[in-house]
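K.L.:
Here's the letter readout for the chains.
Number of protein chains: 4
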Amino acid sequence: MTNTQLTLVQIDNYGPWTVTPDPRREMDLQTLQSRLFADLAQFVGARDGYVFFTRFDNMVAVTNGLDHADHELLQESIGNRYPVTISLGVGVDKNPAVALERATDVVQRAGSAQDGDRREVLAGDTIPDADRTDGDVQIAHFDVNDATGKYTDRLNEFDTFIHIEQGYASLMRHLREEHGALSFFVGGDNIISVTPDLSEADYRAAIEHVEAEADVELKVGVGTASNAHEAGFAAKHALEDCRHLGTTVEFATEPAEIADD
Amino acid sequence: MTNTQLTLVQIDNYGPWTVTPDPRREMDLQTLQSRLFADLAQFVGARDGYVFFTRFDNMVAVTNGLDHADHELLQESIGNRYPVTISLGVGVDKNPAVALERATDVVQRAGSAQDGDRREVLAGDTIPDADRTDGDVQIAHFDVNDATGKYTDRLNEFDTFIHIEQGYASLMRHLREEHGALSFFVGGDNIISVTPDLSEADYRAAIEHVEAEADVELKVGVGTASNAHEAGFAAKHALEDCRHLGTTVEFATEPAEIADD
Amino acid sequence: MTNTQLTLVQIDNYGPWTVTPDPRREMDLQTLQSRLFADLAQFVGARDGYVFFTRFDNMVAVTNGLDHADHELLQESIGNRYPVTISLGVGVDKNPAVALERATDVVQRAGSAQDGDRREVLAGDTIPDADRTDGDVQIAHFDVNDATGKYTDRLNEFDTFIHIEQGYASLMRHLREEHGALSFFVGGDNIISVTPDLSEADYRAAIEHVEAEADVELKVGVGTASNAHEAGFAAKHALEDCRHLGTTVEFATEPAEIADD
Amino acid sequence: MTNTQLTLVQIDNYGPWTVTPDPRREMDLQTLQSRLFADLAQFVGARDGYVFFTRFDNMVAVTNGLDHADHELLQESIGNRYPVTISLGVGVDKNPAVALERATDVVQRAGSAQDGDRREVLAGDTIPDADRTDGDVQIAHFDVNDATGKYTDRLNEFDTFIHIEQGYASLMRHLREEHGALSFFVGGDNIISVTPDLSEADYRAAIEHVEAEADVELKVGVGTASNAHEAGFAAKHALEDCRHLGTTVEFATEPAEIADD
Chain A
1 MTNTQLTLVQ IDNYGPWTVT PDPRREMDLQ TLQSRLFADL AQFVGARDGY
51 VFFTRFDNMV AVTNGLDHAD HELLQESIGN RYPVTISLGV GVDKNPAVAL
101 ERATDVVQRA GSAQDGDRRE VLAGDTIPDA DRTDGDVQIA HFDVNDATGK
151 YTDRLNEFDT FIHIEQGYAS LMRHLREEHG ALSFFVGGDN IISVTPDLSE
201 ADYRAAIEHV EAEADVELKV GVGTASNAHE AGFAAKHALE DCRHLGTTVE
251 FATEPAEIAD D
Chain B
1 MTNTQLTLVQ IDNYGPWTVT PDPRREMDLQ TLQSRLFADL AQFVGARDGY
51 VFFTRFDNMV AVTNGLDHAD HELLQESIGN RYPVTISLGV GVDKNPAVAL
101 ERATDVVQRA GSAQDGDRRE VLAGDTIPDA DRTDGDVQIA HFDVNDATGK
151 YTDRLNEFDT FIHIEQGYAS LMRHLREEHG ALSFFVGGDN IISVTPDLSE
201 ADYRAAIEHV EAEADVELKV GVGTASNAHE AGFAAKHALE DCRHLGTTVE
251 FATEPAEIAD D
Chain C
1 MTNTQLTLVQ IDNYGPWTVT PDPRREMDLQ TLQSRLFADL AQFVGARDGY
51 VFFTRFDNMV AVTNGLDHAD HELLQESIGN RYPVTISLGV GVDKNPAVAL
101 ERATDVVQRA GSAQDGDRRE VLAGDTIPDA DRTDGDVQIA HFDVNDATGK
151 YTDRLNEFDT FIHIEQGYAS LMRHLREEHG ALSFFVGGDN IISVTPDLSE
201 ADYRAAIEHV EAEADVELKV GVGTASNAHE AGFAAKHALE DCRHLGTTVE
251 FATEPAEIAD D
Chain D
1 MTNTQLTLVQ IDNYGPWTVT PDPRREMDLQ TLQSRLFADL AQFVGARDGY
51 VFFTRFDNMV AVTNGLDHAD HELLQESIGN RYPVTISLGV GVDKNPAVAL
101 ERATDVVQRA GSAQDGDRRE VLAGDTIPDA DRTDGDVQIA HFDVNDATGK
151 YTDRLNEFDT FIHIEQGYAS LMRHLREEHG ALSFFVGGDN IISVTPDLSE
201 ADYRAAIEHV EAEADVELKV GVGTASNAHE AGFAAKHALE DCRHLGTTVE
251 FATEPAEIAD D
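Chains as they are written, first to last, in the working numbering: chain A, 1 to 261; chain B, 1 to 261; chain C, 1 to 261; chain D, 1 to 261.
The following block holds chain A by itself, in its conformation from the complex (with noise of 0.2 Å):
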């Protein structure tokens, strides 16, 4: 069964310091976000999580396998290399959902996202190392079908884009309403969402209400283990299956073969 444990990060007093003393170039607030991103995926994903940019200034990360010495860590590291500090909560549930409540939770109780006085607050409890099992974490990839024969190479960019959007929005409200699983798109044509544990019924569930309500074909591999890399990893090979052997839906039966070379 899974027990995803999830991190909120949230940077402190963001809004304020974007306009103080006055509203900075668009162009480096777009660079130090993202940048700011790209750190926590390398931090997390050396240590096997996910990090996904939702907000940027709020960003949620699959944490199974970081303790509470790690959060510790990254919160000091990025203190001490961007202007802005970081807020960090974390939250554990069978369902995400809950579980990111549990994460925003504990930073909103310590203060608001813009209170000048509240910062780097490092709350929640992380899975002790003993509770951790295989099943813990489960990863969906979806991606579009012959998005590039179909929408890249045809149309213009921002139709391109639009189609996507539409086929994210409809499978993100789904899967949370229907399951409590949280949706991020990654790039490309491309989504991953951290579930409890569907099944193959679900999963075609959800891909049949996104292609009625937004006309978007998608396919999907999942994969279970104790933490995202691994999990995710066995979702793509699952992926790679879809693509060669033309089906909708895989499951990585077994742990895909982490050649980490």
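It should be emphasised that the hints constitute simulated quantities derived from the structure, not laboratory data.
There could be a bad hint or two in this list.
Put simply, identical chains are the same to the list, so a pair is met inside one copy or across any two.
[As the list claims (entries may be wrong)] Computed list of lysine to aspartate or glutamate pairs in EDC-like fashion (alpha-carbon distance at most 20 Å, straight line):
#: 1; residue 1: Lys-150; residue 2: Asp-105
#: 2; residue 1: Lys-94; residue 2: Glu-165
#: 3; residue 1: Lys-94; residue 2: Asp-146
#: 4; residue 1: Lys-150; residue 2: Glu-101
#: 5; residue 1: Lys-94; residue 2: Glu-240
#: 6; residue 1: Lys-94; residue 2: Glu-213
#: 7; residue 1: Lys-150; residue 2: Asp-125
#: 8; residue 1: Lys-94; residue 2: Asp-28
#: 9; residue 1: Lys-150; residue 2: Asp-115
#: 10; residue 1: Lys-94; residue 2: Glu-177
#: 11; residue 1: Lys-94; residue 2: Asp-159
#: 12; residue 1: Lys-150; residue 2: Glu-240
#: 13; residue 1: Lys-94; residue 2: Asp-115
#: 14; residue 1: Lys-150; residue 2: Asp-131
#: 15; residue 1: Lys-94; residue 2: Asp-134
#: 16; residue 1: Lys-94; residue 2: Asp-129
#: 17; residue 1: Lys-150; residue 2: Glu-211
#: 18; residue 1: Lys-94; residue 2: Asp-125
Based on these hints, arrange chains B, C and D on the given structure of chain A.
P.N.:
For chains B, C and D alone, coordinates are given in the frame of chain A:
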């Protein structure tokens, strides 16, 4: 009258590269994508343009002020420092959607995004210096009313995110279909649109549409200049006026004091 | 007694790559080199190790605390995100110079740095966890007395730089020849040395040697721990003691309070 | 005749910042320093200038081609994205050492590098466009003969490093004292010097001096242009000529074909 110069930035052969010889660690892909975007933001931003991350493998830039040599240098520098290369297509029109169509078209005609042989396309004509005017670029900067009070400090981050996405999806479709304007989520609760000449009534209509369709309240600052940075900076200042005056739509009547310190 | 684990990081085939098919823009090479070093510093630093930029195409890291899997992951991640790959050789010995010889040797035996076919060597044995002790790594952190008052605020930058270089060159040779210690300039007026077990008398002799040979006055803080970060942090605190007490050599007698916030 | 425009880049109040309220993790400082340098390299390099990391808290740039507005933008952008700010002083003279003296002087007159109140100095005059000529910048690119065969593939990395350092220290002092030329190690076995107008005899004398004093054999390519990039690129091509022809000193007689693809 607006005369928008847009550049489509497309990573060559990216889909195949990400899975050859095997799928790559997702967090490494996220890091590469974000840092590539950050470098584009710095290069284009320093020349007073804007870049939007869009789908990361395909990005849209407002490049009024950048000439052919600038595009060539950007392409060379990326090619020297990343394991991938980029193709650049430029398009110009008073209507942003048409400009992007032109930009996409010159790249597509050179070959598929996943053509193993197509690399570093550099095509399309930039606006000659002599033809540039202070009315070339209109930028509208939207944000969600009291996002922190209504969402960030109260809901779990994903539900806040879903609300912001609904607002974005609604605005992006409306502005594209009604006016050929292109809208991009840039983090937090901010959306930046590149528009043709729109009136206060057009913006009010767009904001009412989004409130009705997605139940999200927006306000907007609008600026016009010969380049995206100045237009966008004026728009940011106008948005601050909305904040202080409690209004919904504000146009920067004079160029914002660009106090670049 | 010290037991230094050093890793040689060597970019594969870099010389030829920088001029094939033609010489590349120098500032792009500088950017790539610096950002690669920064990524190594983050990865190794987060595991409590140290990395020194050395020659940039060849870098030296103190990797007590990193195991084989860590090295493999580092190599994979760099290979995913840069247009070059790295070879890693590990060597262990109570004497740092001997450890580095071993590290260099395992890479050299696999092939030349400019061998077109040699890529991503990963060789050498890391210290088993059970064999690690609190005396494994000794770090000495030197800085120049009153560099700002004597040099930075008075001479032109290059002449200040020449003075610092003289001090560095003298110290690096003396410590290497006398003790097999390896010294690295790390910016400003700071030099960090990885040493075997040296005494206060050894450090006083080194400082006197540098004053006599290069007319540069140094002071030093020394720390010892199971890894470079803790040893180095203790050394930094000891150096602060020199500053406050007006002394020349200070050893951290107890582990510095590693207040990691 | 040369007319070198140099900019001193100095991080404001850096020494105190690195230890306030407590010493910061060394690898975070290394990361910040390297990434700041990389950003300077990109900004200045894209405008055809050169930057040298020098001491990281103080860096030297050849900025022929950058005007006051460029310097102001660079300073603003760094201030928006880093936890530190930079002061910039510009100096111009046919002799590089004198130019740097002027650049350092305008910063020093505004206050100490560690003055808690001195921030973001921006002083000194850039060369007016109309006064620029193709002879303004002379760049000499040195490398060590057969460094890979003699050192990298045979000695341990630190002893190779010591040899390269000896060669660098000898060259830097000789060229500074004899000619006011400024030399910078740029990685691998490469040294780049910014020189006044020097002759083939001057370069031969420098190379002989280094061989006699440090037992390191150098060869050099020399280029001249209106900016550092073009002069340096021509120098690199001339160095390739040395490699192919087996010569020791080569001047780029015509501008190198700047094939910027």
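K.L.:
Compare the structure with the hints numbered earlier in the document and write down the numbers of the violated ones, lowest to highest.
P.N.:
Failing hints, ascending: 2, 3, 5, 6, 7, 8, 13 and 14.
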